[in-house]
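The lines below spell out each chain.
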Amino acid sequence: MTIDTPRKLTGVRDRVDLIYRGVTRSGGIIVLVIMLAIGVFLGLRASQAITADGWAFFWQQAWEPDSGKFGIAAVLIGTFLIALVAVSLALPMALGTSLYISEYAPLGLKRTLIGLVDLMAAIPSVVYGLWGFFALQNSIVPIARWISQNFGWIPIFAVTGADPNDPLATNTLFTSSTFIAGIVVALMITPIMTSIMREVFSQAPIGEREGALGLGATRWGMIRSVILPFGVGGIIGGTMLGLGRALGETIAVYMIISPIFVIQPHILQNGASSISSLIALKYGEASPFGMSALMAAGLTLFIVTLIVNFGASAIVARSRSGASS
Amino acid sequence: MTVFDTPILNEESSLERGSAHEAPIQEIHHDSPRKLNQFRVSDVLSMVGALAAALSMTTIIFTILAPVGGVLGFLLITYILFVITYAILVSFDETWPIVRDRVVLVAVHSLAITVFATLVFIVVFAIGRGLSALPHLNFFTQDMSLAGPLDPLDKGGIIHAVVGTLIQIGIALAITIPLGLTTAVFLNEVPGAFSRFVRTIVEAMTALPSIVAGLFIYATFILMFGLDKSGFAAALAISVMMLPIMIRASDVVLRLVPSTLKEASIGLGADNFRTMWQVTLPTARSGLVTAIILATARGIGETSPVLLTSGFTAAFNADPFHGPMVSLPLAVFQFVKSPEPNMIARGFGTAAVLMLLVLVLFIIARIIGGETVAKKEARARRRRQFVANLVEAYRLLAGALATLVSKISSRSSERARSMEARMNSERRSAVASSPAPKENE
Chain V
1 MTIDTPRKLT GVRDRVDLIY RGVTRSGGII VLVIMLAIGV FLGLRASQAI
51 TADGWAFFWQ QAWEPDSGKF GIAAVLIGTF LIALVAVSLA LPMALGTSLY
101 ISEYAPLGLK RTLIGLVDLM AAIPSVVYGL WGFFALQNSI VPIARWISQN
151 FGWIPIFAVT GADPNDPLAT NTLFTSSTFI AGIVVALMIT PIMTSIMREV
201 FSQAPIGERE GALGLGATRW GMIRSVILPF GVGGIIGGTM LGLGRALGET
251 IAVYMIISPI FVIQPHILQN GASSISSLIA LKYGEASPFG MSALMAAGLT
301 LFIVTLIVNF GASAIVARSR SGASS
Chain H
1 MTVFDTPILN EESSLERGSA HEAPIQEIHH DSPRKLNQFR VSDVLSMVGA
51 LAAALSMTTI IFTILAPVGG VLGFLLITYI LFVITYAILV SFDETWPIVR
101 DRVVLVAVHS LAITVFATLV FIVVFAIGRG LSALPHLNFF TQDMSLAGPL
151 DPLDKGGIIH AVVGTLIQIG IALAITIPLG LTTAVFLNEV PGAFSRFVRT
201 IVEAMTALPS IVAGLFIYAT FILMFGLDKS GFAAALAISV MMLPIMIRAS
251 DVVLRLVPST LKEASIGLGA DNFRTMWQVT LPTARSGLVT AIILATARGI
301 GETSPVLLTS GFTAAFNADP FHGPMVSLPL AVFQFVKSPE PNMIARGFGT
351 AAVLMLLVLV LFIIARIIGG ETVAKKEARA RRRRQFVANL VEAYRLLAGA
401 LATLVSKISS RSSERARSME ARMNSERRSA VASSPAPKEN E
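Taken in order, these protein sequences are the chains called V and H. When we follow the numbering used here, the leftmost residue of the first sequence carries the number 1, and every step to the right adds one. When we follow the numbering used here, the leftmost residue of the second sequence carries the number 1, and every step to the right adds one.
Among the hints, erroneous ones may be present.
[Said to hold, decoys possible] Here are the computed lysine-lysine pairs in the BS3-like style, where the Cα-Cα straight-line distance is at most 27 Å:
(1) H:LYS376 to V:LYS110
(2) V:LYS282 to V:LYS69
(3) H:LYS337 to V:LYS282
(4) H:LYS337 to V:LYS110
(5) H:LYS376 to H:LYS155
Hints in this document: simulated from the structure, not taken from any laboratory. None of the values given here were measured: they were computed from a predicted structure.
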């Protein structure tokens, strides 16, 4: 803050101030140490497994640490697939909702909707998991079947073993899939993405908005020529933050998927995997070496989300909206 | 939307269509900003028409052509057909940019409605399925140590999970509030490269996967120090997760404190500490409380750190340092793993309790966060007024009472006096009359 600068030039800080600065600084240092310790300790614990496994850790698919055959290829790709499904569904939903709140909603409704979005972000993930498992699963299977029948020629929508000519085929081929987990995670990350995008949209300069409308633009014309170019940093940053959340989501995914440890590129098919649900699944029965392998998986997840988040905050900060998010 | 007010709208629609053919008037119509927020009759009609057409086409598709199955599929196809028909209908009357505008309008509204409807459905679904467990009083007073999976709902409860959640979040708050607020103050008050670095790290950590937080505490607390799984370890894991959220939220709030206030305080001779303690923190108090409550709501709902660091138990345990201690979300997770319908009902009931807890926290946060200085002042004035009224009323009442008492007492004293007088007079008369017989004797 600017208020400190003159003091620094002229005066001597009294003891209270020095103590005060020291205490607050130590708070910052403690937080920094905690955050760095996460990486350090996970790395220490993981080193045993990683040195034993070498580069195979990155390309092996199976997860059998006690027989020395384990790697994160399957779970890492599974994590990314779930996150990809989630983000591609959540992006239009968040974009629509944030545009609605900032541009279309009646003034009286706005505050309520903003509160509702914040509340949605605070709903525990286990509740989303409950909904996904007990309510969504049954109603989404016909749609998954329909997509696989009509778009099965696109590799990721294919379902091995599904017979398009047999309408009475069993539904279990389509349950517990990457697709269903992705939908649930999409609903979980939509609120956070919405609130970031809405904040950026609402800061679009009023003069440019009115200018566009005054030149005869329709509302969509105004949004496309003013709001979206202005908020593109917020859209990208919010989406990446959502991606970071989606990568790390544990319980809801764990409740829905049936874990497999081969690369599963068919998102509609039963069987999926993610790093976090791998940890939740295996930690209980893990031997010390297995625990080390799990730590290595956790470290990978940590590094990946960290990279995504750093990118997101850099993009949001560089957008014209400044320190808004 | 007044979609179904067709009888009145029909008459006007012919007018509207008549004028729509006169091109110049139409153009003026669209350019005037007044029309931005209004629905014209033709809009409503084309919407209703498109909806009807889409419904009938979908019905044909579903019954005759290609059965897709499922309510969701029906809705999806109806919606897609609706958008297409609506675009075609609008394009009869309007220019291309306006058609696009209308289609986007429909898309944005429907996306927003979908999101909010899904939220409401998720909440209602969890509470609705939990209703069978909630009315039993034992659900809130017993633990699950004596209740098996086949037991009816009037046996066993979740008191152990409620107490566990409260203890864990209590410990987590005791750690995160001082540390988080101190760090937020540091980020704002001690500028420099170091605080920028801390801020970047904290921002990147806000989306720290909760299972990684759990894994970290597991690696240090349990594997390195060799301590047991316990409620305290779970509280530490929750703290690691809540800390960045709280720091970031309070950092934003502190940044919003007007610098003129701080400058005024410094200008009056206060040092930095006094300025922070007596000006900045009180000004930002409601925002800080909101930040704390929002972080709490996030922390309460976390399952995976507790799963890793505390472990599951069906028994009541109020000792955070020894033995596993279950929390509400973990209890939900364990309940619904069972195939028994009663356990699943218990799981949904627990989820309903958890959501209620989050909702209450959230409402408190909204109330406190909506607090402005003016509102607070107004309420304080109302309170003072109320007290003043009370005092006034009391005074009036006391006055009335006093007059009443004095009146009663005066009346009674009067009565006493009159009685005395009567007695006196009687006595006197008696005295007067008594000598008479004597005299008569």
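Evaluation of the provided hints:
Proximity of LYS376 (chain H) to LYS110 (chain V) is assessed by CA-CA distance (about 23 Å); at most 27 Å being required, the pair is judged to hold. Our distance criterion of 27 Å between C-alpha atoms is met by LYS282 (chain V) and LYS69 (chain V), whose separation comes to about 15 Å. Under the criterion of a C-alpha separation no larger than 27 Å, the hint pairing LYS337 (chain H) with LYS282 (chain V) is consistent with the structure, at around 16 Å. Restraint check for LYS337 (chain H) and LYS110 (chain V): the C-alpha separation of about 39 Å exceeds 27 Å, so the hint is violated.
Between the alpha carbons of LYS376 (chain H) and LYS155 (chain H) the distance comes to roughly 47 Å, so the proposed pair goes past 27 Å and is violated.
The structure shown violates the earlier hints numbered 4 and 5.
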